[in-house]
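**Q** Just so you know, the sequences run in chain order Y and X. Under this note's numbering, the first residue of the first sequence is numbered 1, with each subsequent residue one higher. Under this note's numbering, the first residue of the second sequence is numbered 1, with each subsequent residue one higher.
Incorrect hints may have been included.
To be verified - For the chain Y half of the interface with chain X, some residues (derived, Cβ under 8 Å), not all of them:
1) 78
2) 89
3) 102
4) 104
5) 126
What the hints assert, rightly or not - With a straight-line Cα cutoff of 20 Å, these simulated SDA-like cross-link-like pairs (lysine to any residue) come out:
6) X:221 to Y:132
7) Y:79 to X:217
8) X:221 to X:86
9) X:203 to Y:74
10) Y:72 to X:297
11) X:210 to Y:139
12) Y:46 to Y:77
13) Y:111 to Y:136
14) Y:80 to X:211
15) Y:79 to Y:66
16) X:86 to X:41
17) X:170 to X:260
18) Y:94 to X:260
19) X:210 to Y:91
In short, the hints are calculated from the structure, not lab data. Beta carbons: idealized from backbone N, C-alpha and C, even for Gly.
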Amino acid sequence: MIEFKEVTKQFPAGNVVLEKVSFLIKPGEFVVITGPSGSGKTTIAKLLIKEIEPTSGEIVIDSENLGLLKAKHLPSLRKKVAVIFQDYKIIPDKTVAENISLALQIINFPKTQILERITHLLGLVGLSEKENLFPGQLSGGELQRAAIARAVAVEPSILFADEPTGNLDLATAGEIMLLLKKINQSGTTVIVSTHDLNFIDLASRHLHLLKGKIVAEDTESIEKPPKKVKKK
Amino acid sequence: MNPALKNIRRSPYQAIAAVLVLSLNLFVISLFTLVTLASQSILVYFETRPQIIAYLKDTAPESLVNETITNLNSTGLVKSIKYVSKNDALKIYKESVGNDPLLLGTVTQLGEVTADILPASLEVSVRSSSDFDHVAKVLEESDIVSLTPQGVKEIDFPKNIVSELAAWTKALRTAGVALAVVLSVTSINTIGTNVSLKIASRKTEIDTLKLIGAKNSFVLKPYLWETVIYSLIGGFFGWLFSFIVLLYSTPILVTRLEGIIPLPVPPLTVFFLLLFILSVSLLLGLFSGIFAVVRFLRR
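Given only the sequences and the hints, what does the whole structure look like? Please build it.
**A** Below is the structure:
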């Protein structure tokens with residue numbers, strides 16, 4: 001369970017990216033966070049893995065207050081909460097398989113089973129034929145799939161996909177969203193941040209951010225968000 | 001280990017620079033170790049030789065000789081005393097000149113060298129070179145020591161040789177240690193900077209790994225392995241160069257130092273030298289690696 005309690009994030013330059021944001025996400029939910037660029041979606045992802053600290057407020061994940069989490073426990077938090085980054089962050093001089101293998105080595109996955117696990121993950125994301133290709137040889141959609149495979153490899157309980165459809169055509173974006181839905185159906189809590197409203201009907205809940213504040217929240221699947229979102 | 005080898009392959013010239021600096025340093029350390037061991041052996045050789053030799057009068061009675069030996073022992077400064085009779089002296093003389101008929105007197109008009117013309121002597125080893133004066137004084141005061149034609153007692157007293165040798169050995173050791181320290185600092189700096197540059201150039205990758213849950217130890221282990229690889233290769237080459245120098249200089253050294261230091265140097269000594277150099281090298285490498293990693297983590 002993720003709980004944001006009155007979380008504010010102000011950067012040293014003075015710009016307030018999140019302002020007293022509160023929400024609760026239950027285990028197994030599929031939540032879509034929408035909002036225009038600069039509304040604070042990526043900041044939420046960074047706060048979830050403690051890449052940055054909130055200026056005020058509390059973030060609690062599975063009854064653990066991140067503000068009290070010591071630096072030495074960061075790796076275990078980041079194994080629990082995996083992020084699919086907007087810029088993928090796939091290591092460029094390693095093949096797709098090597099990138100996934102790294103994530104598995106980090107969690108001390110048994111060496112003898114790494115290859116089998118990579119094959120399984122690549123099959124899941126539809127990259128079975130591309131395991132030995134380097135990121136530079138992949139399309140945007142394939143890179144996104146590779147990033148998903150790497151994130152899912154560590155079997156996180158929470159998966160945050162930051163703008164996973166941002167750079168993709170509509171068809172590929174749809175495939176990626178369906179893949180995330182499939183991951184959610186296996187029990188992983190999935191949070192997707194996007195400014196694209198086309199796929200929010202896949203979500204069990206929708207949060208809409210505007211200028212660092214949640215301005216709308218809906219617990220039903222929404223086909224046309226502007227019409228169905230309820231004002232807080 | 002594999003990521004470390006990959007890092008090395010990616011920047012071979014940096015790796016060569018690191019290995020060369022380390023090799024040079026360890027070559028010098030290895031040579032100084034050999035020189036120190038040799039000078040120590042030379043010092044021990046001279047210290048264990050009879051340091052004071054007093055030649056005795058032919059007329060010296062045995063009782064007086066024994067009394068002098070007792071007096072010397074009672075000072076507590078003497079390590080050993082050996083009485084060399086005239087016959088022993090002849091034997092030693094013959095051994096030292098070999099079959100040379102000229103030196104044995106068999107072809108000269110003076111006739112063959114016999115025990116009669118050689119003096120008996122007392123060969124005294126002292127515990128410390130600082131005790132020379134005291135022990136020599138006991139012999140000076142004794143009536144059994146023969147006199148030179150100038151009326152000076154015949155006592156060989158190589159005090160200066162041993163003390164000078166000890167001073168040279170100490171100076172050599174100090175110079176070696178100082179040079180090794182300077183070169184070690186240079187090596188640590190070169191390897192440390194090399195690894196720091198590599199870490200800095202992979203910062204994005206390191207940050208990504210940390211974001212997906214990698215611990216510092218996981219991220220930085222390859223860089224420490226890299227320094228270990230540099231160390232082992234650098235150490236081996238440093239030892240190899242010194243071994244080659246030793247091999248080529250052995251024929252020259254044998255003519256001057258045979259019997260004083262063991263030549264050719266025994267294989268076991270050479271093997272222990274390799275182990276010593278690899279240990280020093282590993283220590284330097286790991287120190288450089290840790291230095292670079294700590295610098296990165298503190299940023």
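**Q** Could you work out which earlier hints the structure fails to respect and list their numbers in ascending sequence?
**A** Of the numbered hints given earlier, those the structure breaks are 4, 5, 6, 8, 11, 13, 16, 18, listed in rising order.
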